[in-house]
Every structure is written in C-alpha cells, then in structure tokens.
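K.L.:
Chains H and V, in that order, give the protein sequences.
Position 219 (the first sequence) corresponds to 218 in numbering that gives the first Met the number 0; numbering is contiguous.
Position 629 (the second sequence) corresponds to 628 in numbering that gives the first Met the number 0; numbering is contiguous.
Any given hint could turn out to be false.
One copy or two, either will do: identical chains are not told apart, so a pair holds if it fits within one copy or between any two.
[Said to hold, decoys possible] DSSO-like mimics (lysine-lysine), calculated; alpha carbons at most 27 Å apart, straight line:
(1) Lys599 to Lys224
(2) Lys334 to Lys408
(3) Lys171 to Lys104
(4) Lys224 to Lys285
(5) Lys87 to Lys334
(6) Lys577 to Lys650
(7) Lys699 to Lys376
(8) Lys448 to Lys603
(9) Lys35 to Lys577
Source of the hints: derived by calculation from the structure; they are not laboratory data.
Below are the chains, spelled out letter by letter.
2 protein chains.
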Amino acid sequence: MLLRTLFLCLITISCGNLYAQPITGFTPENIPNQLKLEASFEAGLSAENLDAWMQKMAAEPHWVGTEYGRENAEWMAKQFKSWGYDTKIETYDILFPYPTIRELKLVSPVPYEARLTAVPVEGDPYTAQGEALLPSYNAFSTDGDVEAELVFVNYGIPKDYEELEKLGIDVKGKIVIAKYYGSWRGIKPKLAAEKGAIGCIIYSDPEDDGYVRGDVYPEGAFKNKTGVQRGSVMDMPLYPGDVLTPGYAATKDAKRLDRNEAPTITKIPVLPISYEDAQPLLEALKGPVAPDSWRGGLPITYHIGPGPATVHLKLAFDWKLTPAHNVIATLKGSKYPNQWVMRGNHHDAWVHGANDPVSGMIALMEEARVVGELARKGQRPKRTIVYGAWDAEEPGLIGSTEWVEDHEKELQEKLVAYINTDGNGRGFFGAGGSHTLQTMVAEVADIVKDPQTGVSIKERRIARQLVSGGPGTFSLSALGSGSDYTPFIQHAGIASLNIGFGGENAGGEYHTIYDTYPHYKRFKDPEFAYGIALANAAGRIVLRLANADVLPFEFSQWHATVADYLKEIMDGADSMRKDVEKHNSLVSKNAFELAADPRKAFVKPTAREAIPYLDFSPVQNSLAKLSNSIDTFEAISLETLSSAKQEALNKAMQKTEQVLTDVGGLPRRSWFRHQLYAPGFYTGYGVKTLPGVREAIEQKNWEEAQEQISKLSGTFDLMEAHIQKLINLTK
Amino acid sequence: MLLRTLFLCLITISCGNLYAQPITGFTPENIPNQLKLEASFEAGLSAENLDAWMQKMAAEPHWVGTEYGRENAEWMAKQFKSWGYDTKIETYDILFPYPTIRELKLVSPVPYEARLTAVPVEGDPYTAQGEALLPSYNAFSTDGDVEAELVFVNYGIPKDYEELEKLGIDVKGKIVIAKYYGSWRGIKPKLAAEKGAIGCIIYSDPEDDGYVRGDVYPEGAFKNKTGVQRGSVMDMPLYPGDVLTPGYAATKDAKRLDRNEAPTITKIPVLPISYEDAQPLLEALKGPVAPDSWRGGLPITYHIGPGPATVHLKLAFDWKLTPAHNVIATLKGSKYPNQWVMRGNHHDAWVHGANDPVSGMIALMEEARVVGELARKGQRPKRTIVYGAWDAEEPGLIGSTEWVEDHEKELQEKLVAYINTDGNGRGFFGAGGSHTLQTMVAEVADIVKDPQTGVSIKERRIARQLVSGGPGTFSLSALGSGSDYTPFIQHAGIASLNIGFGGENAGGEYHTIYDTYPHYKRFKDPEFAYGIALANAAGRIVLRLANADVLPFEFSQWHATVADYLKEIMDGADSMRKDVEKHNSLVSKNAFELAADPRKAFVKPTAREAIPYLDFSPVQNSLAKLSNSIDTFEAISLETLSSAKQEALNKAMQKTEQVLTDVGGLPRRSWFRHQLYAPGFYTGYGVKTLPGVREAIEQKNWEEAQEQISKLSGTFDLMEAHIQKLINLTK
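I would like the entire structure built from these sequences, with the hints used as guidance.
P.N.:
Okay, structure coming up:
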C-alpha cells in the first residue's frame, strides 16, 4: 500500500551525509527533510538529563497517592510546560488498597513467623528508608483471616492443577503456595480460588529469581533472600483500571460499584513473600515429592503436601479512594492539529522504581524536550503530539485506563497511534504492537544505532534471533497486556506500539525496594546509553507518524501475520486431537496404570472427549478475499495522489484498528474488544492472538469456537470493506 | 530364520494349563516340555533365600582383596557345590590401589579442609562400621600432590570444554571440579588431563544426586550431604581389566607392565567428594557465572573461576597386587556338553553393596540352585551351564576380564552366549545385548509376570515406553560397557545379554556406605519380588539357550537394527554439515559478536572446516546383499532338518558374534574388537554403535571415517558369507 515502492534518499547534496534510507509514508521530496529533522532530534538528546532526572524522580518511594508521586507529576508538568507543551494534570479518584495488617505464620509442625521485610543493603541508602518504603503486598487481594494446611502448587497455573489431579491432590479448603513466574501473578489467586483454596501465598524461588540466576544484591543484581516482589493481582484479564468503575472514568462523581461486588478484586487473600520466608513453609510439607519440573532452587526436597504444614494468613487493607494524577502534555500540529500521535509511560512506582517506570519515563521526557525545542526552532510536527505520564499503572493500569475511558470518543476520532514505553535497560530492541505498523518500526530500527556495537538496533536484534535459532527478519510481537498500551489497543481500538531495550539488564529488583538508582547505574544501563537509544527510536517513530504524507500503515505483512495466527490455531486443534487420540489409546491399553509406580500416588486417567473437526472455512474465505483487496490497494501508486486524496485516505486509515474491534467485546469480558489480540484469560499478560477462537478451543467450548470463527470471519469482512473504502478514496 | 514360523502350544491336555506361547529355537514336539520345565523352574524360586543371602553377603564391606570378599567367594562356591555344580575358584593377581593419603584443602580465600567422610545414620548400623568402611576415593587415580586455582567445568565432558573455550577460560595448570554424571566418571580426569589440568575433583551435586531428587538418607533413599560415590577412573574405554596385563590374564607369573607405563591409570590425581565438601569450594569461585544448564542444586550462585579459590589436593595409594577370586560353577550338559551357556554377576562391592552387586548375585544364585535341583531330578539341560561370580568388577571389570582373557580360545569355541546381571530393583524390565538374541528375549519377557501388576514384564515395559512417547515394541538396547559382559561381547565376540529391573528404585546409595541391607529393603525391592522376577527371566533365557533344538539366534531384526544405526550415522553427518554451515553463516554475518553481551567474557568464534560428503555406498551395498541372504535363510523350514543338520547349524551359528569382531580391534584401542558396539572413547560406558565409523566422524577424522566405512563393509561381507554357510549347512 502506501508509498511502499521504496523511496531511497540517495546520497546527494540535498541529503547531506544521510545514507540511503527508505521511509514508508513520505513522498520522495519530503524524505530528506524528515531525515534531517530526525538527525537534529537525535543530536539534541542528552544522557546527562536522564541521569539527573532519574535521581530526582526515584529519590523517594512514589506509588499512587503518595505525596512524592504528586510532586513528581507536578514537576513533570512544569518541565513539559517549559518545553512548550500545553500541559495539564488530569486526576481520577480510584480505589487503592494500602495494607493495614500483614501476618503470615507457620502454625505447625514448627512455628515460624514470616518477616515480610526486605533488608537494607550496604551501598544503597535508598533501601534504608524504613517506614517510607511500601510494605510488600499484592494490591487488590481481598481482606482475609484464614488458617489451613498448605499445598505447593508450583506456578499455580492450569497445567499444575492437572498434575495435582493426577496425584489425587485437592486444594479445596487449603492455602496454596505458588512460585512467581509461569504466568502473570494475578492468575495464581484467581485459579486457586476457582479450585476452592481459601488463601494464596506467592514467593520468589531462587531458581527463577535469586541466587541461581546470579549474584544477589548488593553483590550482584539478583534477588537476595529477603527481597519481595510487590504487584497487582486485580483480575485484569476481565478488565483493568479502577475496580469500581468498569468501562467508564473514575471521575469524582462517577457512580461506583459497591466494593464487595467489584469482580476484579480477588476472592481469596493473597500475599507475596521472599524465599527466606518461603523456605520454612516448604520445608514443613510432606506428601508426594514434587515433579522434577516443579522443583526450585532452595536446598530442600520439594514436597506438595497437603500439610502437615499449617499456616495462618491474615490480611487487611484500608480500601481508600486515592487521586491518580496523569500528566498530559500537548504540542499542537502545524498542519493536522486534529490528528494526534500519543506517547506514554507511567510515572508511579511500587517503591523508588528507578527502572520501573523511571528509566522509561525519563527517556520519554528527553524525547519530548527535544521535540519541543525543534518545534520552537520552527520544526513543528504536522500532526499533534501528546505526551502522557500515567499514574497508578502498577495497581492495574488505572491512570491510563480511566483516561482512555474518559476520552474514548475523542481518541477514536483523532488518535492515529499510541506508543508506549516502560522500564528500559541495556540490550536488544524489542517491539510489540499493531502489525499495520511493523514496516514503519522496522525502518526506524534500521536507522537507530546500537550504542554498544555501532550496528543498527535491527541488525543487532536479528543477530540475536539468528544465534538462538530464530528467523532472520524483524517482526513485532503481538500485545497482550502488562502496561499502559492496554486500554488504547484492547479497548479503544487505537493502533499501538510498546517498545524498549533489554536482555542485558537482568536482575531481581522488579517491584522490590532494590529498584533504586544505585542498582540501575550498576546493572541496568550505566551510561543511560539505552535510555538515549529508546528516546531516539521512540522519537523517530513519533516524528514519522506526525509528519508522514500518508500514514505509514501497511497491510500485506499484517495479513501474513494474521494468516499465520490462524494456521497456528488450526495446527493447535489438530495437535489437541492427536493428543486426545493418543491419550485415549493409552487409556484403552491401560498403559498409564501399568507404567505407574504402585507405591506412589496415582489417579487412573479416563478417556477424554474427542476433539471435533471445526469448520474454519468462513474465516479462510474471508482472509482470502481480504488478501486480494490488499493486493489491489498495494498496486496503487499512492505517491501520485493529490494532497486532498492523501488527507482523505489518512482520515479513513486512522480508523483501521477500530475496524478490528467489536463493541460487544470478547465472550465474558466485554471490555476487551480487539478481535486479533488479547491477554489470555488464564495466562494474564501473555497474549492470545485471535482470542475468541483460540480460547474457545483451548477451553474445549466447541459451540463457542464455531461462533467465534464466524465472528472473526465477519471482522475480516469488515476489514475487507475498509480496504475497499481506502481503494475508492484513491480514485 | 530358525523356527520362526511361530509354534504355538495350544491349550491342550498335553500342555496342561500352559497358555499359547511361541518359542524360537524349539521344534513343536519339544515346546511343551520346555514350558513345563520353565514352569517347574519358576515354581522352585524362593524370595526367602534372596533375603537371607543378602543379609549374609552384605553384612560387611567386601571390596576385592578383603577377607570378607574371600569368605563370600568361598561361601558361594560351597553353595554351588551343594547344588550339584562342579565348582572352582579361579584367582588372578591384579593391581589394586588402596588410598594411604587423601587430603583436600581450600587454601584461599577462606581455608576449609574437606571431611571426606560420610556419616553413620540412625536405623542403619552398617553405616557405623567406621574404619572397616572403604575410604571414599577413585580407584586408579594416580598419586599426586598439587595446588592450583580451581575451575568449575560442569560435568567435565567435551561440550563443557567447548563452552569454556567460548568464554576464553583455560584449565591449563588448574585443578578442575566436575559434577558426577553427564558421562562415565573416568572421562572427567581423562579429558581434564588432556586439557592440561593438574588435578580433578568430582562431586555429587544435589540436583543430580541429593535433596533435589528426593528425601535424603535415612529419611529417604537419596544422597545426604556427606555421601560420596566411589568408583574406578581407570581408562576403560582403552581396555578394562588389570592395568598391568592388557589383553592377557593376570596369572601369578604373567609378565606385567611397569606401573608407570600402565596407560589406563589416570594422568592426574582425582578425588570424589560429597556436596557438603564441594559447597565451600564452589562458593569461593568468582569469574563468569556458570551457564544456566551448568547450575546445580546448591544454594549458591555457580561461578566458573578460575579462582580465586585455590585448592590443595594430595593423594597416595598403596599400589599392591591383590588376589581376585572368581567363582566358576559348571553343570555339564546332557547332550552337548561342549556347548556352554554362561551366566554371570560380580560379587565384589565398594562397601556392603547390598544393591550393587548383591541384589543381582543372589538372584543368580537362586536361579542356579533351582536349575541344579531340576537337574538332580532328571531335567538336566542339554548344553552345559556355567555360573560365574566375578571379583574386582568395581575397580575395572577385572575379574571377568582376566578370566575371559585366560580362557579366550575355549570360550570362542564353546560358549553360545553370556548373560550378565548386576544390581537389581523394583520397576521395569531392561535388556541390552546382541541383537541376534532380541526375538528370544522378547519371548521370555512375554511369559514372565511383573510382580506388581500381574501383566508380563514385556507389556509393562512397553506401557512405560508408550506413556513416555516411545515405541510400542520391545527391543534390546546396544551394550557399551559398565559391567562384566564387556570382555565377553567386546573382546571375545560372544553373544551377550545384560538384563535387570529398575526405574522404581531410585536412590543415592550407589557406591556409598549407604548401599546396605536396610536401605535396600526400604527403597529397592522390599519383598525381593523383582529379585525373583530376575531369576525367572534370566533362568528361562538360560534354559532356552541350553535346550533349544536350533540356537535361537535371529537375523532379520538384527539387520533392521544395524541398518538403523547406519541411517543414524548418515543423518548425524548431514546434521553436522548443516550445523557447520549455519555456524559459518553466522560467523560471516558477525552475528555471534553482535548477539554477545560486551560486558561478559566472550571469544569470537571462527569459521569451521566444512563437513565433507562421505561415500557410504560400500556399507550400504554390503548391507543390501546381506539382507537378501538373510531373507533366503529365513525362508528355510529349519524344523524339518535332521538332527545332524541342526547340530552342524548350531556349531556354525555359535560363531556368529565372532564374525562381527575383528582381531585388529578399533583404531587406537585394539582390545575392543566388536565392529557393531563399543563404549564411547569420550563417553565411557555409553555405547557407540558402528563405533569405527561413528567415532571417526564425531572426531572429524574424515580419512579414518572412509577407511572404517570400508572396514565395516568388509565385516558385513563376512557376515553375508557366514549366512551363506548357514544356508549351505541346511542343504
């Protein structure tokens, strides 16, 4: 489609020293100007600002509702204003639980009281701020006071409960203890409650997040025995944002749910603990030895229980309404002020949050500073650029979600794309998002240099893929959830991206008191070189989206990606069928029982329901037709169109992602409207592509699967009509 | 071939209640008698004997040269005699090193002296025999007194050194510390010495052999923090047996090598230690964090070094000639006294050896007792049966090797097959050996009942294979080394088997002071039911080989197996080629360097030599021709042959395995003569099939690979001529 005949800016006098570079969306005469603009932008970026700003913003704990969080917001607003942005703070009143009681005791066989406190470490004064540090807890755990036998459930995800079933172990009426990781944390209490457990403990096992990974803080970057990962356990796959105002903004006067009816607060109390606190509990378990893959890095034999370890868990929270301050800074576009490009990063942390979120926030600010400076010097972007600094991301993407819910109609009308960042560090470029933007992002990744090697961030990333056996091409991953892009792409249907660097910044500081400036400087991005690289990449993306003659959306790679997702689902159904056939054949031969050790716990498996053949043809036919239309559109020479036609095309094209959403949403979670991407209902952050069809199959709901195939086919038909409309606009 | 039209003993009056059962090698009229004989044999087996004999034999430590070892030999000889066997003790004078000095110290940064002693445990008085217990050491370590920086080398196998090379770490002049497992232990000091290390420490990591596997002794079966695995580190892949008399018997007056020239003694001192002793050493290492897959189960961050940990290792041994007593018990055959069937198991242990070797030894004895009893009652086998109880297996298969070297000519003339057993426990039937015997073993496995489930041991084993995704058919594994079948099959060219039960008997007692009667009774085979099953299976195999009208050798499955090995090698060469091509492509793109973390140790890889295409056609053509001859032989109705012809056939057939050996042996290790099976030169016990060709390719010695293809082709041509000879004998 758009200007896809690669426009090369050959090395000529007019290009200066800029090397040959294709830019999707720009007419040949505009390419040199854009490249010059981007070069000036890059030259203006300063790592010193990042360093100073991190020290400022991460000086004190600043979770939502704190005084320091508010100060940060006001300070940022002041900065944006000073850089020429029309800036305001938009505040919502959200429910935020602060812990008032946190007690965990091993009652028997050997009494132990969990410390629930990470220790200050030498060389990092931030960790010694004592009472000022947020106690470790899981936000949106319900209150509770429970005592029961303990059961170790590995990561506490669906396949772990299948394993427990094979062993004949039931968690009903028990308290489960699960390792962090294996899924987003909120899945653990959700599933545990569904299975009848009355309490849930989550701990960081040293194998995943401690001395097994590397030297622990302060000697190294990894989690010491006292570190605890905080985090939200709100049922975000149902809906994120304020738990009391689902689907609408938590304004002062909004009608709110009764807290006891809020469906995204957990059903059972849940508490995160350190591996120091977990060891006595796990050590006290008997019962079957845990399967090989369940065993962690503690120097014990991992048993499952239930019991004889009995634990008492008591939790209470203050459940207050708290103000969440979003900073919104706008730079009006010179030519298309009603077409917006938005960049965002959250500013709230769990504790100091040097890495999460400050490392991303300061890169965004430096980007905004230089963009503002260039505008002042006369290089104002054609489209309006909006920078957002979100509050209350940590407890559940609340600041961004309330804002998007508040401004939904306007955003759908005006917003071309949303580009998100979050914690950032040394390593490789990673990008996920709407696949219509893949070509544009690849082009930017091809021009931004990796600070350590001097090659492009695209080349370095591909080198890594190749070395680990992956493909030699650049692609966007699909987005599930986990940061503030969620309401934009999943709810409002705005083309979105989430980008950042990482892979050489491993550590155990995430959501602990150790995510501090000293830790960041030693282990994450010592020179802020990757902070600058992030500002550079994100800034170029923003500037291209803001200045493109025709919006750089591309449909051919998009189609190939979506077709791959469908193939993956169809292959998956076939492989489920084969697995069931194999299972049933083994059942009929009594092979499971014969292979089982008669001295060990074992529940004889029964035959499973056969996997039916589904009719995928509706969606296959729709995709085939869509492919033809995309081919037609791509054959059009968009560069020869009049400005008026380009403008009309842009206006229509901006709606593309909305075509892929459905106001009815996904089954049982209407907030999630996107038909191509969603966080997994039982995986949390992890994406499920073509989620309606995929999850129905995974849940073996065949009727719904067939309905969703039909619905997805309809989505692709709408997309085909949309492409036809774009074609007509060129005529 | 032989009588392969399945003779079914239908349920008739003449068969009694014996169900339909094919038996290869028996004419229809002889099947019922054989089945009745086997039924009587099975009925005569008594678990009480096993229990009593284990208590007797494992009452005290009995390594080679001990008084108790000699007493055991004499006691066994007395038993065999009492059961009607012509019994003698054949003694060889072998070199056996007993440790006189064992010192291991961490010199810096923090002094630590290794305890090198396992603790006695409650409920197991055998572990409290103090001085009587053999100190933990590795037999055939050289003497040494070395001090150097320590380097952690994972398992110390070839691919670990490749990884070290990538990190730029050299072990030259260092002392290495390696985990047990990943290879046979003797490979570790051998490779370390080849790489320039001056000492080697081997320890049991709790991940492979400690609390990660399960509860530790005495609470559970697994290795507690003080347990140490003893074991030989003699370079057995070069030749096993007495180090001073390679290829000939260590008789009193044999000419012996000078000890300093003995090539199978290690080049550097090596000592095994517990994980309690290993932890301070590993904890004191710095340098790169070990790769993910190297990290074990200790509660530390595993670093590689070198240093700053510096260790001092001092070892000395007494290097005395010691008598090894083999017990040889013979029951003369009624019809073919000069055709022998031999059963063997070793009787020496490292300490008490309740499991290894006594559990196998007592099953052999019970088998011999009942066979002797049946003979006394008039059911003497047609062929001669020889039972062997080997001494000095633990230090290097010495008793059996010397005996085979002593009697090589006679064995090659008379011995039809050798059936080996060793430690045995609860679980699944496992069998390895000459693939000419696969059909016969499968038939026996189809009639022996599993004690726990009541189905046949074949059905239960196949159930287990199916559940773990394996094939639904029974097959023999190929034999490398690791027990006393080695000299029979690898050196003398005698068809051999190694059988036993296991898989539900896991523990950490192997070669420690914890391999005791109480441990065995609790965790291995509490009722000796699998001891009886072993006696039953081995006894039936012996009785079928002893009484068959035509020896139950089968060539069609043999050919299919060998052809599979060739295919595996050819596929392996192709996959090596693709790997090198991929590697070189990544090198040319500089991908490794771009993907590497510039802050971590990294040596830039260089392009590798391309893998040439080899000419496999000679061996393919020979195998094709051989296949035709086997088809011809199989089409012959052997059951209609005269007794004289059957006898001539048997005499010729007995030589089959010798056709597959070559007196020149394998390159650089002439003791190993078999052309189909050998222990790996760099894996130890693990088998390499078609070893001449396979190892030349693995070592990238292309000239030798082509020569070995030609040699292997010649072997198959000889086999073809042999089959033609068998065909002619039927005319």
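K.L.:
Now tell me, hint by hint, if it's right for this structure.
P.N.:
Evaluation of the provided hints:
1. Lys599 to Lys224: between (33 Å within a copy, 25 Å between copies)
2. Lys334 to Lys408: Within one copy, since 22 Å is at most 27 Å while 100 Å is not.
3. Lys171 to Lys104: within (20 Å within a copy, 52 Å between copies)
4. Lys224 to Lys285: both (23 Å within a copy, 20 Å between copies)
5. Lys87 to Lys334: within (23 Å within a copy, 107 Å between copies)
6. Lys577 to Lys650: For Lys577 and Lys650, neither the intra-copy (48 Å) nor the inter-copy (50 Å) Cα distance is at most 27 Å.
7. Lys699 to Lys376: neither (60 Å within a copy, 66 Å between copies)
8. Lys448 to Lys603: between (58 Å within a copy, 21 Å between copies)
9. Lys35 to Lys577: neither (57 Å within a copy, 45 Å between copies)
When held up to the earlier numbered hints, the structure conflicts with 6, 7 and 9 and fits the remainder.
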